[in-house]
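Engineer: Take these sequences, add in the hints, and give me the full structure.
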Amino acid sequence: MTAELMRVEDLRVYYQARKGLIGSVAVKALDGVSLAVHAGETLAVVGESGSGKTTLGRAALRLVRPTGGRVVFRGEDVTHLPDSRLGAFRRRAQGVFQDPYSSLDGFMSVAQILEEPLAIHGVGAPRERTEMIHDALRDVRMSPPEEMAARFPHMLSGGLRQRVGIARALILKPDFILADEPVSMIDASSRAEILYLMLELQRAYDIGFLYVTHDIATARHFSDRIAVMYAGRVVEIGPAERVIDEPLHPYTEALIRAIPEPDPANRLRHRPVIPGEPPSPTEPPTGCRFHPRCPLAIAGTCEVVDPPLIEVRPGHHAACHLHPTPEEG
Amino acid sequence: MSLLEVSDLTLHYATRGSPVRAVDGVSFRLERGQALGVVGESGSGKTSLSLALMRLLPSNATGYGGSVTLDGQDVMALSNDEFRRQVRWRKMSMVFQGAQSSLNPVLRVGRQVAEPLMLEDGARKAQARERTLRLFDLVRLPREVADRYPHELSGGMKQRVMIAMSLALDPALVVLDEPTSALDVSIQAQMMNLLKDLKSELGISFIFITHDIALASDICDRIAVVYAGQMVELGSADDALTQPSHPYTQRLLGSIPRLASSEPPQFIPGAPPDLSEPPAGCRFHPRCPLAFEPCDRAEPPVAAVRDGHEARCWLLTEERP
Chain A
1 MTAELMRVED
11 LRVYYQARKG
21 LIGSVAVKAL
31 DGVSLAVHAG
41 ETLAVVGESG
51 SGKTTLGRAA
61 LRLVRPTGGR
71 VVFRGEDVTH
81 LPDSRLGAFR
91 RRAQGVFQDP
101 YSSLDGFMSV
111 AQILEEPLAI
121 HGVGAPRERT
131 EMIHDALRDV
141 RMSPPEEMAA
151 RFPHMLSGGL
161 RQRVGIARAL
171 ILKPDFILAD
181 EPVSMIDASS
191 RAEILYLMLE
201 LQRAYDIGFL
211 YVTHDIATAR
221 HFSDRIAVMY
231 AGRVVEIGPA
241 ERVIDEPLHP
251 YTEALIRAIP
261 EPDPANRLRH
271 RPVIPGEPPS
281 PTEPPTGCRF
291 HPRCPLAIAG
301 TCEVVDPPLI
311 EVRPGHHAAC
321 HLHPTPEEG
Chain B
1001 MSLLEVSDLT
1011 LHYATRGSPV
1021 RAVDGVSFRL
1031 ERGQALGVVG
1041 ESGSGKTSLS
1051 LALMRLLPSN
1061 ATGYGGSVTL
1071 DGQDVMALSN
1081 DEFRRQVRWR
1091 KMSMVFQGAQ
1101 SSLNPVLRVG
1111 RQVAEPLMLE
1121 DGARKAQARE
1131 RTLRLFDLVR
1141 LPREVADRYP
1151 HELSGGMKQR
1161 VMIAMSLALD
1171 PALVVLDEPT
1181 SALDVSIQAQ
1191 MMNLLKDLKS
1201 ELGISFIFIT
1211 HDIALASDIC
1221 DRIAVVYAGQ
1231 MVELGSADDA
1241 LTQPSHPYTQ
1251 RLLGSIPRLA
1261 SSEPPQFIPG
1271 APPDLSEPPA
1281 GCRFHPRCPL
1291 AFEPCDRAEP
1301 PVAAVRDGHE
1311 ARCWLLTEER
1321 P
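Going down the list, the protein sequences come from chains A and B. Under our numbering, residue 329 is the last one in the first sequence; the count climbs by one each step, no gaps. Under our numbering, residue 1321 is the last one in the second sequence; the count climbs by one each step, no gaps.
Source of the hints: derived by calculation from the structure; they are not laboratory data. Fair warning: there could be bad hints in the mix.
Claimed, not checked - Output of the computed footprint for chain A on chain B, the stretches with three or more beta carbons under 8 angstroms from beta carbons of chain A:
(1) 1228-1241
(2) 1245-1253
Said to hold, decoys possible - Covered stretches of chain A, as calculated for chain B (at least 3 residues, CB under 8 angstroms):
(3) 154-161
(4) 182-190
(5) 264-274
As the list claims (entries may be wrong) - Chain A side only, calculated, beta carbon under 7 angstroms to chain B, not exhaustive:
(6) E48
(7) S49
(8) E193
(9) L197
(10) T218
(11) A258
(12) E277
All values derive from a computational prediction rather than experimental measurement. The beta-carbon is built from N, C-alpha and C at its ideal position, and this holds for glycine as well.
Structural biologist: The following block contains the structure:
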């Protein structure tokens, strides 16, 4: 395995939400997550809304301050670095976000959008910057770059806007990119195009990607490993194909079975579903957080004991009492 | 007799430039108790098609025409007032995209379902309440949910309330515009199972509008693929999904990442056209890898590929312009 690029350890992000007139209650958006992204690797983080996947990405970029745990980037603990000392980190760790309509300033041309990070980090003289902007546009296949640089976001399709978002992340030559739902607002026929582009750029520049998505099917095809999150925790993590083909956690299995493939026989049968809805992040269930919805829950165990994430098969971990730790089994 | 027969339906929008041809000569039939999937990408005109059917026209609508026969009645001949009183919500209702957020936050949801019953149906308060509770049973919501406010409901529960509302006046046809796109996949699957139950229990017909052809396969008997304001393929779900005829449908299916296969998804280069200036000839030709001589100058005719299956492509006909 290649060098470790980014590691989070027991990461926690709690928000205070108002309850009633004077009370407040902790929303545990992220509650003890540990994982690592290696150079040149894509780790997909898959989960439904409220799973904590977006918070994990934001905390990894230090866009939110963790309540507990550590963020280690290239061996350096950046968890508590003051903003004034985050410059080098920000330059090496970039983000591509969900909405290519709102994440680009409509009053700035593509050239201005791409120049902004260079100006903030004091990279290049004006003439060099123009060249860097054109290179970045060529990297994301926007040609001719001179013409594309002069355009404004409203003149571009959703797919082209997201390319500008990728070029903006790329222009500082980062080692790490958080891609938070980068294609969920892109049309189905263009999604794979954007994902292939990201894969190609990753190989060309040896970038580590944290690909945050609700779409486990794209994760299967465009990532090396998949982490499945539920209610602020990682419940399963392992090689992408193994997680899909031989899921260890009942939640992963349910998630996979909930997704229809285009098959005319679908309409003739009910889809197997997990009952209920994800729990409230202010009052997660005791024991395993999935136990109230789990068809395989073991009474007396699952609602009492919080299962640890253990390595069940080489490189494939799950947090589930169906896969007991060696000393239990 | 089909429940719904639509012929050459058109809806354009006036802009400063040329009009946007959002629905441009769409024809199809829908049988009783069946579900028709209308599948298209953003900007294909699929939502405009539903607005045209419901006659909920934006103020810049222009070029609204064609024929729509619902349950034997020529509804295009009705005045707006007649259409509102006789057709909309009564014979044909709709669940709008993102409709969960249009619930009134200060009214209990049961009251919001009961209100149209009292206004439209002249039901007394007690009758409307009883009917509301039965509608809640129908969409598998516990009756006590009727006394809650929207903010106390999850997204999935709110969407069930919206479906209950659409069923309030017992319509024969419900148009569902992306009814699950705001929901998580596990909740989406629950919602699709509910729609299947309603279809088989009530014999209700659906027009299911979605960008997701795989999701359409979960309920639809027939599938229509729309591109740039036109239907490019229409056939049984079996044919459209397993033997698609139009190059666009074929590539749309190829662009879906499959969980069960290691075959990587493909993509269609380029973007859908601007509907105010659609390409000449076949609207898909600039993105079509199979385009040949007539495609960029002449609009392809609708060709019958098999019985009950048609597609708009020069490859599928011997005719030449």
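Engineer: Taking the hints in turn, state whether each one holds.
Structural biologist: Here is what the structure says about each hint:
no., hint, verdict
1, 1228-1241, "holds (count 4)"
2, 1245-1253, "holds (count 3)"
3, 154-161, "holds (count 4)"
4, 182-190, "holds (count 4)"
5, 264-274, "holds (count 8)"
6, E48, "holds, 4 angstroms"
7, S49, "holds, 6 angstroms"
8, E193, "holds, 4 angstroms"
9, L197, "violated, 10 angstroms"
10, T218, "holds, 5 angstroms"
11, A258, "holds, 4 angstroms"
12, E277, "holds, 5 angstroms"
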